[in-house]
Amino acid sequence: DQQVKQNSPSLSVQEGRISILNCDYTNSMFDYFLWYKKYPAEGPTFLISISSIKDKNEDGRFTVFLNKSAKHLSLHIVPSQPGDSAVYFCAASAMQGGSEKLVFGKGTKLTVNP
Amino acid sequence: EADIYQTPRYLVIGTGKKITLECSQTMGHDKMYWYQQDPGMELHLIHYSYGVNSTEKGDLSSESTVSRIRTEHFPLTLESARPSHTSQYLCASSAYYEQYFGPGTRLTVT
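Here the protein sequences line up with chains G and V, keeping their order.
Residues 1 to 114 (the working numbering) are what the first sequence spells out, left to right.
Residues 1 to 110 (the working numbering) are what the second sequence spells out, left to right.
Among the hints, erroneous ones may be present.
Said to hold, decoys possible - Distance condition first, Cα-Cα at most 20 Å in a straight line; then the derived EDC-like pairs of lysine to aspartate or glutamate:
id: 1; chain 1: G; residue 1: Lys38; chain 2: V; residue 2: Asp38
id: 2; chain 1: G; residue 1: Lys106; chain 2: V; residue 2: Glu98
id: 3; chain 1: G; residue 1: Lys5; chain 2: V; residue 2: Asp59
id: 4; chain 1: G; residue 1: Lys38; chain 2: G; residue 2: Asp84
id: 5; chain 1: V; residue 1: Lys57; chain 2: V; residue 2: Asp38
id: 6; chain 1: G; residue 1: Lys106; chain 2: V; residue 2: Asp59
id: 7; chain 1: G; residue 1: Lys54; chain 2: G; residue 2: Asp31
id: 8; chain 1: G; residue 1: Lys56; chain 2: V; residue 2: Glu98
id: 9; chain 1: G; residue 1: Lys38; chain 2: V; residue 2: Asp3
id: 10; chain 1: V; residue 1: Lys57; chain 2: G; residue 2: Glu100
id: 11; chain 1: G; residue 1: Lys5; chain 2: G; residue 2: Glu100
id: 12; chain 1: G; residue 1: Lys101; chain 2: V; residue 2: Asp59
id: 13; chain 1: G; residue 1: Lys56; chain 2: G; residue 2: Glu15
id: 14; chain 1: G; residue 1: Lys38; chain 2: V; residue 2: Asp30
id: 15; chain 1: G; residue 1: Lys101; chain 2: V; residue 2: Glu56
id: 16; chain 1: G; residue 1: Lys71; chain 2: G; residue 2: Asp55
id: 17; chain 1: G; residue 1: Lys101; chain 2: V; residue 2: Asp30
id: 18; chain 1: G; residue 1: Lys109; chain 2: V; residue 2: Asp38
id: 19; chain 1: V; residue 1: Lys31; chain 2: V; residue 2: Glu72
id: 20; chain 1: G; residue 1: Lys71; chain 2: G; residue 2: Asp1
id: 21; chain 1: G; residue 1: Lys106; chain 2: V; residue 2: Glu56
id: 22; chain 1: G; residue 1: Lys54; chain 2: V; residue 2: Asp3
id: 23; chain 1: V; residue 1: Lys31; chain 2: G; residue 2: Asp24
id: 24; chain 1: G; residue 1: Lys5; chain 2: V; residue 2: Asp38
id: 25; chain 1: G; residue 1: Lys101; chain 2: V; residue 2: Glu98
If you're looking for bench data, these hints aren't it; they were derived computationally from the structure.
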């Protein structure tokens, strides 16, 4: 049973607009969440993370929002650029539970059109 | 910027061969991980290590084995490759929460 779900396999947006990538989780023990970006034939690159004690974290064009009650997080990219086209993975961990292992979703392929 | 290296980047090999996928990091991270990923699927943890001489199996069963004799080196070995081992293998390391990945090895077993 998938503990981290990214229900949209793909997303297409226009350059300059906002990209919103969504992620849901089922394990209430998860307390740390990360987003990774992956280009074909390369390893994932860490983008941004958020602890469960926060509901928002921002880094430049990237903002992650966490809604603990809904067990939902989202990554906002504003403005979107063609170079953002990649697969985005959501990952979660139960750090306070002593597990530093990450559980990944299946990814969402983002295409930013010029 | 993370410095973690994997070789080879691509490998095509016949069934029954023994292979070792190399992973090295220069950041002095204690924790290292091996993931397996197929297209359109999530990354699955197959092995991890929290330090020298410490290795554990991950959540996805794998016929591969690993060793951690030095902090910076975490090789993965398949004693007898099979077509079902065809996949991308990703190595990662971490000091705290964020894991940093190498470029991966794309393995094809014919």
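Hints, one by one, checked against the model:
Taking the CA atoms of Lys38/G and Asp38/V, the gap is about 13 Å. The hint holds against a cut of 20 Å. Simply put, Lys106/G and Glu98/V have alpha-carbon atoms about 18 Å apart, close enough for the 20 Å limit, and the pair holds. Restraint check for Lys5/G and Asp59/V: satisfied, since their Cα atoms lie roughly 17 Å apart, inside the 20 Å limit. For the hint pairing Lys38/G with Asp84/G, the CA-to-CA distance comes to about 10 Å; that is within 20 Å, so the pair holds.
A C-alpha spacing of about 19 Å is found between Lys57/V and Asp38/V, which places the hinted pair at or below 20 Å, so the restraint holds. Distance check on the hinted pair: Lys106/G and Asp59/V sit about 16 Å apart at the alpha-carbon level, within 20 Å; holds. With a C-alpha separation of about 10 Å, the suggested pairing of Lys54/G with Asp31/G holds against the 20 Å cut-off. At roughly 17 Å between alpha-carbon atoms, Lys56/G and Glu98/V fall within 20 Å of each other, so this suggested pair holds.
Only pairs whose Cα atoms come within 20 Å are accepted, and Lys38/G paired with Asp3/V is accepted, the gap being roughly 16 Å. Our distance criterion of 20 Å between C-alpha atoms is met by Lys57/V and Glu100/G, whose separation comes to about 14 Å. In summary, the hint linking Lys5/G to Glu100/G is supported, as the alpha carbons are separated by about 19 Å, within the 20 Å threshold. Distance check on the hinted pair: Lys101/G and Asp59/V sit about 9 Å apart at the alpha-carbon level, within 20 Å; holds.
Proposed proximity of Lys56/G and Glu15/G is contradicted: the alpha carbons are some 24 Å apart, above 20 Å. With a C-alpha separation of about 24 Å, the suggested pairing of Lys38/G with Asp30/V is violated against the 20 Å cut-off. In summary, the hint linking Lys101/G to Glu56/V is supported, as the alpha carbons are separated by about 11 Å, within the 20 Å threshold. For the hint pairing Lys71/G with Asp55/G, the CA-to-CA distance comes to about 11 Å; that is within 20 Å, so the pair holds.
Restraint check for Lys101/G and Asp30/V: satisfied, since their Cα atoms lie roughly 14 Å apart, inside the 20 Å limit. Taking the CA atoms of Lys109/G and Asp38/V, the gap is about 14 Å. The hint holds against a cut of 20 Å. The hinted pair formed by Lys31/V and Glu72/V meets the criterion: a straight-line CA distance of about 10 Å does not exceed 20 Å. Distance restraint check for Lys71/G and Asp1/G: the Cα-Cα separation of roughly 16 Å lies within the 20 Å cut-off, and the hinted pair is therefore satisfied.
Straight-line distance between C-alpha atoms of Lys106/G and Glu56/V comes to about 24 Å, which puts the hinted pair past the 20 Å bound. Using a Cα cut-off of 20 Å, the hinted pair Lys54/G and Asp3/V is violated, with the two alpha carbons roughly 29 Å apart. This hinted pair does not check out: Lys31/V and Asp24/G have alpha carbons roughly 27 Å apart, beyond 20 Å. A C-alpha spacing of about 16 Å is found between Lys5/G and Asp38/V, which places the hinted pair at or below 20 Å, so the restraint holds.
Taken as a hint, the Lys101/G and Glu98/V pair is honoured in the structure, with Cα atoms around 10 Å apart against an allowance of 20 Å.
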